[in-house]
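**Student:** Sequence:
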Amino acid sequence: MAVQHAPKSHKHLDLFEELVPLKGLEPPTPSLRKPSRFQVAQTLERAVTMASIRKRANGKFCVQIRITGHPHISKTFNNIDDAKAWAECEETRLASTPVDKSEKTETLLSIARKYCDMQLHGKPSCHLMLQRLERIAKHFPQEFISISRMDVNAYKSRRLLEVSGPTVREEIQAINKLFRWAEREMIFGDIAIRSPAQNIALPPSSKPLNRVVERHELEALLAEINPLMREIVEIAYETAMRRSEIIKLTPRHLDLDNRVLLVENGKTGDRTVPLTRRAIALLRGAQERCRTPETRLYPVAAHSVSKAVRRARDRAGLDDHVRMHQLRHTRITEVAKRGFNQAQIMMVSGHRDVRSVQRYTHLCVKDVLDFLE
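Sequential numbering from 380 applies to the sequence shown in the numbering used here.
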């Protein structure tokens with residue numbers, strides 16, 4: 380139990396002066412020596428799970444008790460002695476009361492499925508997020524609310540031996556997002572839950588590839604790839620569309636007379652894509668091959684496209700920056716170099732955030748000098 384007074388100047392000493400346990404345990408003497416970081420962390424952890432008493436401006440004393448697995452309880456008293464007596468009585472009662480797990484036995488996997496169904500249902504990111512959380516859940520078979528910071532930190536250490544740092548960073552962030560959602564939506568009712576991933580040190584994020592695919596590299600790539608994949612690669616370069624958007628196209632998405640096509644349920648929702656003359660010629664040929672308006676123009680799997688590009692790149696002896704997504708980056712960069720404003724660039728790229736566009740538009744000093752001339 381803690382009696383909280385006015386703030387003092389020494390942060391670490393306050394913790395030991397204010398957190399006064401019940402049942403005869405005396406607090407450490409602040410004047411002996413400065414507490415270590417580990418001791419401070421232990422004290423903070425106890426502060427969350429023990430009773431605390433706060434004196435209000437009106438002179439009354441408010442008692443709050445937070446114990447993991449039990450609902451929060453609080454009560455206000457006119458004097459400190461009554462507050463301490465009630466707090467000690469309630470702590471004893473709760474300590475001897477088993478946690479009701481009849482409807483609260485949830486694992487990370489079950490919470491992940493609820494999150495995707497309730498929060499992401501119908502969004503393009505739903506399937507990918509569920510796949511990621513299902514992979515993570517294999518490492519956390521225990522009850523959701525019992526996952527600790529030590530568990531998450533151990534998971535991070537293991538994963539860093541298996542995958543890249545940016546991948547581990549995204550996984551830890553996904554765990555944190557899941558816990559915050561469960562707390563916000565009160566999935567466990569009044570039971571207090573805290574994200575064990577909240578203060579975990581994250582590996583550094585990956586730096587975006589700034590190199591563009593040069594014209595001679597594109598031609599060398601096209602010379603080494605099969606005809607169907609060649610069309611997909613050219614469409615990606617001509618339109619700056621994402622791989623997933625291209626392979627979902629059907630004839631009903633095309634309006635070639637008006638030089639546009641419709642992307643439905645893309646990463647940023649629906650949007651209209653302007654088409655170059657070369658893109659129109661490619662799409663018209665693909666449209667003629669389709670038997671119905673619902674037949675896909677390019678009936679291939681997304682991973683098959685990336686694999687075909689990698690193999691063609693290796694056969695052509697090109698650097699590993701030549702990849703499917705870099706074609707999109709290249710096209711957006713070329714549009715920016717032509718002097719398009721940000722709104723026009725976002726129409727081509729489909730981005731909704733200006734910061735995302737700035738990541739793609741890497742104009743060099745020479746480009747600026749050309750505009751000045």
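No wet-lab data here; the hints were simulated from the structure. We treat Cβ as the ideally placed atom computed from N, Cα and C, and that holds for glycine. One thing to keep in mind: the hints can contain errors.
What the hints assert, rightly or not - No farther apart than 30 Å at their CA atoms in a straight line, the calculated lysine-lysine pairs in the BS3-like style are these: (1) K439 - K454; (2) K439 - K517; (3) K502 - K463; (4) K517 - K716; (5) K517 - K556; (6) K493 - K439; (7) K502 - K535; (8) K556 - K716; (9) K517 - K535; (10) K686 - K517; (11) K434 - K454; (12) K686 - K627; (13) K493 - K686; (14) K627 - K439; (15) K463 - K439; (16) K535 - K627; (17) K556 - K463; (18) K535 - K646; (19) K493 - K463; (20) K646 - K627; (21) K517 - K502; (22) K493 - K454; (23) K716 - K493; (24) K493 - K517; (25) K454 - K502; (26) K463 - K434; (27) K646 - K716.
What the hints assert, rightly or not - Here are the computed distance ranges between Cβ atoms for each label pair: (28) D530 - P606: 49 to 59 Å; (29) L473 - A680: 23 to 33 Å; (30) G501 - N458: 53 to 63 Å; (31) T647 - S489: 24 to 34 Å.
**Student:** Does each hint hold? Answer for all of them.
**Tutor:** How the hints compare with the structure:
Annotation: proposed proximity of K439 to K454 holds, straight-line Cα distance about 10 Å (limit 30 Å). Distance restraint check for K439 and K517: the Cα-Cα separation of roughly 49 Å exceeds the 30 Å cut-off, and the hinted pair is therefore not satisfied. With a C-alpha separation of about 51 Å, the suggested pair K502 and K463 falls outside the 30 Å cut-off, and the hint is violated. The suggested pairing of K517 with K716 is violated, with an alpha-carbon distance near 47 Å, which exceeds 30 Å.
Between the alpha carbons of K517 and K556 the distance comes to roughly 18 Å, so the proposed pair stays at or under 30 Å and holds. Distance restraint check for K493 and K439: the Cα-Cα separation of roughly 42 Å exceeds the 30 Å cut-off, and the hinted pair is therefore not satisfied. Straight-line distance between C-alpha atoms of K502 and K535 comes to about 28 Å, which keeps the hinted pair within the 30 Å bound. Annotation: proposed proximity of K556 to K716 is violated, straight-line Cα distance about 38 Å (limit 30 Å).
Taking the CA atoms of K517 and K535, the gap is about 14 Å. The hint holds against a cut of 30 Å. Between K686 and K517, the direct Cα distance comes to roughly 27 Å. Compliance with the 30 Å bound is thereby established for this hinted pair. Distance restraint check for K434 and K454: the Cα-Cα separation of roughly 12 Å lies within the 30 Å cut-off, and the hinted pair is therefore satisfied. A hinted pair counts as satisfied when its Cα atoms are at most 30 Å apart, and K686 with K627 qualifies at roughly 18 Å.
Proposed proximity of K493 and K686 is contradicted: the alpha carbons are some 33 Å apart, above 30 Å. A hinted pair counts as satisfied when its Cα atoms are at most 30 Å apart, and K627 with K439 does not qualify at roughly 65 Å. Distance check on the hinted pair: K463 and K439 sit about 13 Å apart at the alpha-carbon level, within 30 Å; holds. Simply put, K535 and K627 have alpha-carbon atoms about 36 Å apart, too far for the 30 Å limit, and the pair is violated.
Under the criterion of a C-alpha separation no larger than 30 Å, the hint pairing K556 with K463 is inconsistent with the structure, at around 37 Å. Between K535 and K646, the direct Cα distance comes to roughly 28 Å. Compliance with the 30 Å bound is thereby established for this hinted pair. Simply put, K493 and K463 have alpha-carbon atoms about 41 Å apart, too far for the 30 Å limit, and the pair is violated. Under the criterion of a C-alpha separation no larger than 30 Å, the hint pairing K646 with K627 is consistent with the structure, at around 12 Å.
Note on K517 and K502: the hinted pairing holds, with a Cα-Cα distance of about 24 Å set against a maximum of 30 Å. Using a Cα cut-off of 30 Å, the hinted pair K493 and K454 is violated, with the two alpha carbons roughly 34 Å apart. This hinted pair does not check out: K716 and K493 have alpha carbons roughly 45 Å apart, beyond 30 Å. Simply put, K493 and K517 have alpha-carbon atoms about 17 Å apart, close enough for the 30 Å limit, and the pair holds.
Restraint check for K454 and K502: not satisfied, since their Cα atoms lie roughly 44 Å apart, outside the 30 Å limit. A threshold of 30 Å between alpha carbons decides the hint, and for K463 with K434 the separation of about 12 Å falls inside it, so the pair holds. Restraint check: the Cα-Cα separation between K646 and K716 comes to about 25 Å, which is no more than 30 Å; the hinted pair holds. Between D530 and P606 the CB atoms are about 51 Å apart, so this pair conforms to the stated range of 49 to 59 Å.
Range check, L473 to A680: Cβ separation about 54 Å, and the 23 to 33 Å hint is violated. A hinted range of 53 to 63 Å holds for the C-beta pair G501 and N458, which are about 56 Å apart. Taken as a hint, the range 24 to 34 Å holds for the pair T647 and S489, whose Cβ atoms sit roughly 30 Å apart.
In this structure, the earlier hints numbered 2, 3, 4, 6, 8, 13, 14, 16, 17, 19, 22, 23, 25, 29 are contradicted, and the remaining ones agree with it.
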